[in-house]
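Asker: Join the two chains, each given in its own frame, into one complex according to the hints.
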Amino acid sequence: MTATLLLILTLLWPLLVMLRSPLRMLMEQDALRRPGPRPKLLDIWWASAPLPALALVLWPGETTLVLEGWLLGGVWQLDDARRPWLLFSALLWGLAGIYARGYLMTEQQAAEAGDGDAFRRLAGLALLWPLTLVGNLLLLLAEDIPSFYLGFAVMTFAAYGLVVHADNRDAHLGGRAYLIMALFGEALILGGLLWSAGSADVLTLTALRDGIADAEHGAWMAAILWLGFGVKAGVVGLHVWLPLAHPVAPTPASAVLSGVMIKAGLVGWLSVLPLGDPTAGLEPLGRLVIALGLMSALAAALFGITQRHPKAVLAYSSVSQMGILTALVGIGLIDPALWPALSVAVVLFAAHHGMTKGALFLGVGISEHPPRLPGWLLWPLLVLPAVSLTGALASGLAGKWAFKSVLYEGGHEALVTWLSLAAVGTTLLMARTLWRQWRERGHNAIPLLGTMPLAWLFAIAAATSVPLWLPVVGADSPWPPPDELPSLLWPVGVGLALVGLGFFWLAGITRRRPFVWRLRPGDLWWLYALLARYLGTALKGGAARLEARGMRLRARLVARERAAMVWIDGLPRYERRFRQLAVPLMIGVAVVLLLGFWLG
Amino acid sequence: MSQAWLPLITLATSLLVAPLILLLPERAWRARAVLNLSAALLKLLLVGLMVVGLYQGREFAFGFTVVPGVEFLLRVDALGMMFAGLSSLLWLATTVYAIGYLEDSPNRKRFFAFFSLCVASTTGIALAGNFFTFLLFYELLTLSTYPLVVHRGHSAALAAGTVYLRYTLSGGLVLLLGVVALHALVGDITFGEREMLRDLGPEYHSLLIGLFLVLLLGLGVKAALVPLHGWLPRAMVAPAPVSALLHAVAVVKAGAFGIVRLVYDVYGIQLTFELGLLTLLTALSVFTILYASLRALAQQELKPRLAFSTISQVSYIVLGISLFGPFGTIAGLAHLMHQGLMKVTLFYCAGNYAEELGIHRIDELDGAGRRMPLTSLAFTVGALGMIGLPPVAGFISKWYLGIGAVQAGMSWVIAVLVASSLLNAAYFLPILHRLWFRAGPEHGKGQWPEERHLGRFETSSWLLWPTLATALFSLLAGLLAGLPFSPLDLATLVATEEYLP
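Top line first, the protein sequences correspond to chains C and H. Just so we're aligned, residue 1 is where the first sequence starts under this note's numbering, counting upward by one. Just so we're aligned, residue 1 is where the second sequence starts under this note's numbering, counting upward by one.
Calculated from the structure, these hints are not laboratory results. It cannot be assumed that every hint is accurate.
Non-contacting residues of chain C with respect to chain H, defined by C-beta distances greater than 12 Å in every case (computed) [unchecked claim]:
1. Pro22
2. Ala341
3. Thr537
4. Arg562
Short, incomplete list of chain H residues facing chain C, as computed with Cβ under 7 Å [stated by the list, open to error]:
5. Pro391
6. Gly402
7. Ala408
8. Ser411
9. Ser421
10. Leu480
11. Ala481
12. Leu483
Example chain C residues on the side facing chain H (calculated, C-beta under 8 Å, incomplete) [unchecked claim]:
13. Glu68
14. Leu72
15. Gly73
16. Arg120
17. Ala153
18. Ala187
19. Leu190
20. Gly191
21. Trp195
22. Ser199
Quick reminder that beta carbons are idealized off the backbone N, C-alpha and C, glycines included.
Chain H on its own, in the form it takes in the complex (with noise of 0.2 Å):
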């Protein structure tokens, strides 16, 4: 029984936190500090309980019907408790980060309690057991995150923020015709139980297509796909922390996830493959993987430039999947936690030299790895890692993805991740050339734009750790693959579920 509770109180911990925090007063941030902490502690906690109750093969579900017909169902499974984990890693990293990056900066409670709210939303994804519960956290992860978009409160976060506002309702208002529409059609919709839309029978598959498509419309939105991508760029006017949460793990992630769910959990791979959709995700990510490189080359600051690359790879898990066979979908899933650390590490790298140095354009960070090189050799791994080079957790997934495009026998998308790769050198290789083989303001050549001393190391610990964590598992979740529990064990784990009923 107490079981079932788990993937409740994971849910509680971060949905709970929130209101403590509007209730600390303003001025209190040690003790919302520990708060934070402790909770994001206490759900990693409780993720890896049930990361290794999973192994053993136990169940952990918790429902209750809303209204006949309607249920709110938590369930653990193996994908679910991929995205769970990365989350709750990585919101433990990010906690730390964003107490040290909003340092005597206003409206600091807002803040975290929204931050909360958006880390439990993202939970509730990852546990959601059928359509409805996902769509219901979907839905308040946009409102969560919004209010973290135009933190800064100024002109141009509030235009942000509308134009993000604007993109994502309509592509929830979508999703939820879509899910209904399913709904009518089949009734409950529980994630795993592929057999309902399998067994219609081909006069409903004409149906079942404008219906993915439907789906894939408002899911789309916050992967991010191209042409949906427009609000990702602009949302870099958030603070560091919230860019990096945004892009690593919640919104885009979420969208990313909703997809996998759509195309194994809800059609399941043999249906979407029958129907003939796996080839249009596979020509929409592809479009996306090169066109969002080819935007990112041409981005003179560093945040827009990580957002575009974003685009790029976050696409990569959406290849990975339309590729039939189980090592695509090994690459996608192992993506999804591989860009997340990577990705994550890069957003702080920009936070840190922005803090510290005041820097925000590429041109300005010549012989920036003289005064800052624990953050630079963050940066260098999350960017190698980016291009695919071994040993980053990168190169893992373009190994699989290029193997699993031989196995679906679509052997030309090897060519794809290769242009890719090469079109990431091209924005992350000259960034590398700047940092560690330009003259800057350290050899006594100019001054840094706004240079600030904010902790005994090269920055602020509280900066300065977090950035060198994900670095480190970003670096060791590739060179240690083979190892239990790495992302690519996990992943394994869910293809073959995935595969061998």
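Next up, chain C with everything else stripped away, as it sits in the complex (with noise of 0.2 Å):
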């Protein structure tokens, strides 16, 4: 019952807080247009929004709410399979939003000011942040499809807001690349839904995998939906909003952006596709994933390194993870018997590069507004989850062996050597990051016990300890044995060495070419946009072509008019020549008529 509680106020919650600065500015509407203070946005109440969601998930036991009345029946469900996700996503979430409260602190000020402009675009933060969260947690919590997509949509439409937060150029572009792709996700996934719904004639997303692995187009539906959670996962080629849309979101955004929304990518994959079910039939499809998750972590890493801004490093790290990710997936999709193991490791491994990837964006903020923390115990903080997250060290470790250990039960050599060179990749990354952090250091100390750097400390410690408290079921002992560590830290040397050599190896090179650096962030973005504009150019003029065709014909058919109407205007000049005829007509007839009688 209390679970139950729970399970609604989750979602209601954020849905009350959104309300409360609309509803109190309806009511101060004419404070509004004057100038002078004006109420401020982000108060506590405003960061408490996942406070539900987390009482919920530390709540004991499994609870189910059937709606009757909701969409086409809503069923929202907290299992021991969606604990942890939700557990991590709400605490993230709720880490952003007290370090937002620290990191918008002089946007916040000049709007309590009143500065309009400032509170306009605060005041747009205020309001979609916890819509999106509320998305975010229904697309968790949701087993009915139609909650589900309705989760999905919310969250991936409200965050537009928090992308063009900056209302500049680059976040203008950034939102239009982000919102673009997200359009083509939802078309795919949509239609990906109805299709295999309709086939299988189920509502619920369990049914909804059942039904897929016996659908007779079932490896089309698989490929249809996995292609749209994909938009959101930054699979390869699909990607390209990710470089865009994460660096210029504001840095706690930019950390719920990258650390559990994308994930909803993947818990997409997990909902829909048939994984470990021996009769779906998905292998094909299966080695398709794994060569693009596997070409997603090796590329994004290569591309990353070349990126000046510290979030754009982090972004393409995030591709390149969750290209790992992805490759896992398509593990699940050939080899169905490996999948249960190797679920409690995708598991492990997305809660860790979630909360260690917000960790690392919360990061950036900090090295940009250090707080009164010695250098020397400033950096090591820095570095620690960036060295986690290659694998070395805490739940990086943990995460990395829970799949390594998986996939060298089944036989998987190969995927294991290629996985460990995207490690390589991360290594390089991560340190890319950390030099381009200590570049654009700032200098203005802030308060260490701000909300700021306390959400940080504590995302760290939270990022660094996932294996201890994230409650998968089936998990054992995740720390890998001794002797298993030197091919586990291979990639890390590897990488650092790499890193030595190409200090030295590319300050030659950028020296003599400097190119090499305007890569710009979203890559193939551009590629499509001069695509679509060709495209566009091509319809406009063939539309024009049209349009004068369908002109020439209206103009003759209006032509044509006019002319029988002229016609019909002139009738009358008959009408006097036959009033002329008439008497003689008629008495013709009668002379015919009376004819006719006598002889007949």
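Answerer: This is the structure we're talking about:
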């Protein structure tokens, strides 16, 4: 009972929090028109939005809520499979929310002082942040397909407001890329869901997985859905929005975008693909998924190290890490027997990446506005999550070991090697991020006990200890045995060696050929934009030609009509002649009639 | 006995209001408003009574013989009730809106008289029990909307009115021919007696196909199927409440409703399917959906864009009924109501922007969300519904359309739905972006074309409340689609009647 109430509150509370500020603004409408002080938008209530979700996760036991009247029949569920996802998502959302209160302090002060522009932007953030959160929570809790899609759509579209928060040219470019790609993703998801749910005539995700496994065109349905969610998960080719949108959002929003929301794509895959079903017959798709996943993992790392902005480098690192997860999902498709063990590793790795990437993004803000900490303490703290992400320490080590041990068991040594190469890439990316952070470090110290440093410190603590607190069912000891350590650590070593080499070598190259560093974030996006422009011009030309032809046709028809009208107008002329003939004609007819009678 | 009179009284509520309004002097706006609103409320109540009666399985019918062999018949069935419920609900909202919209403009007496007449004919179409009665009210609708379209009286309005009359009267004539031919073939065509045509035997099939095409041609004009849609964008010169009613309930819907009647209650879905006519309807509606969406993209003004969107969305109804199977039927019928609610909201919003700020073009909408947050919110709800995003009602339609397509063995229709969603997003999201994310006059950039301050809130309350109410209804119709008496529930009731004899 309490759990059910908590479940409802989880989704309701952020909505209430969201509605608070517009209601207040509505009541004080006249006050807003006047110049002068404005109400505080990001207060402590605002940051409390994900608290009920945390309470729900910590509440023991599973719970299901069935809502007959909701959409096509709502089923919301918290079970052991959803619990870890919900926990780390709510935790990161909460930390990012607290961080945001410090990060946006100057904007908030400007808004309170009466800066209309700052107030407008902040009001947008204050509204859309809880809304995005609701979408994210709903998609995690939903078991019925419409609710799941609703959550996904709400999260996707509300997050647009977070991306464009800065309201400058880069932000709008990022927002544009984000929205266009998201729309294509949504369209594919809708099409895939309609097709598969229609074929199987089901309304819940569990039944949908079975339906796809049994369906005649199951492979195509799975492929469409995989692509649709792949936009969110940043599969290579569809990832172009990520490096454009993640860096331009305010740092706490980047943290949730890259840490949690990107996982929605993965959650989507796990929810709809018949992973671990030996009858599904999706091996060809699985091989494609693995290939594309590895491509993401490696190509993103290579492109990412050319970026200047630390957040852009981190965004590419997200693409790369999601590539690793993609490859693991692919294994679930080609080797279903392995999936039960692998799914545990996927959850652990996803949570580790989510929290660590969150901590890293929050760290970018920290290096720009360093708190009053001595450098020997601050920089190791910034380095710690980065090292963890490479897989050399803490939760990163556990996460890596979790999937490697499973892959060894299943005999996928080749894949392990490729994934190790990706870890080399990650090491390079992390070195690059930290280097750029160091170069762009700020000097205005902020107090240590502000919301921003505290949230960051807590995020680091949580990120490095993920295996200790994440409630994953079926996980045994997360730490690798000591004799496995060399095989896990060599990529980091190679990476560090490459960094050392590259530092000198690249320094020489950049002096001679500075263009290397001008590769713009978004890579393929520019190609797509170019193609779209050509296509648009061609279409416009075609439409203009058609229009011209239509106009000619219309003109001809109008001319015909005019001619017809002229002819009709000319009829009275005949009438006059007819009138003259009327009398003889009548007499003639009478005579004929008389003759007829007489003869008949 | 009293129950037989219920349909007649319902019809009379709006039919008798028209002469009463004409008797009132022009300046008695208060009395006119009271009369209009009480009639609308009464009608809503009566329709509510009939819906409840229908759920309890009661029969309502009223009829008399005009000339031997031709009967005037009003009868209540679930399909008609859906349409009547929609029209009475939106009539109430639009009456409130129109009172606010036409405040201190000339010829209000004439407007409201014909407005009532127009709603009376819509009710008549909904309640008609046979093809003759349907035709009667169908033609009455054409004639009673003409004065509304040309209400402003300027040359553009008159020209649009002429185009409108040409299209609809020719359509009516073709329809008349078709009905007479059917009448000659089988006698009085009562809706729901599908066995009449089914029992004719295969030698009549080519004739039946021909007659179906003729009838479709007649009905397709009002339903604005491409290429018979030319009148609709031009009729946009009418005042906003008229456009709203024209698009959401009256004219366009009457055409779509006629096609629904034709397929389900005259030919019967089984016979239509066997004659291969459903494929034709699918092809026609798919073409209309995509073509009109593309045309909508090219529009620079708000109302024409909405007009093309209507053409596209009304074809969803036709698409739904052309998908053989209960899900397609449910989709088509539910969309009949959903589209009405969402589109009326969008037109109210367009009217609000025009009245309060003088905005007609899309690029003038920058930052309007700040100035008129509630209207913009309503517009957002309507637009998201048109795209088919949950939780707005449009999503429910789209879901059932997709499922229906799969079950009819036409999975390719899903691709069309997805393409249409993308196109809808392409022409609605830029508007939303302008409303909410761009800086405009309210942020000290430029100024509104013609700003007025009509009321205490962002605009006159008469204009604001109907907008918000219909937006709320379109949201609730999707969010709580599983509840009894929701549009989806009603549509399911109709579909079960159709497929389970």
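Asker: Does the structure break any of the earlier hints, and which numbers would those be?
Answerer: As far as the earlier hints go, 1, 7 are violated by this structure, in ascending order.
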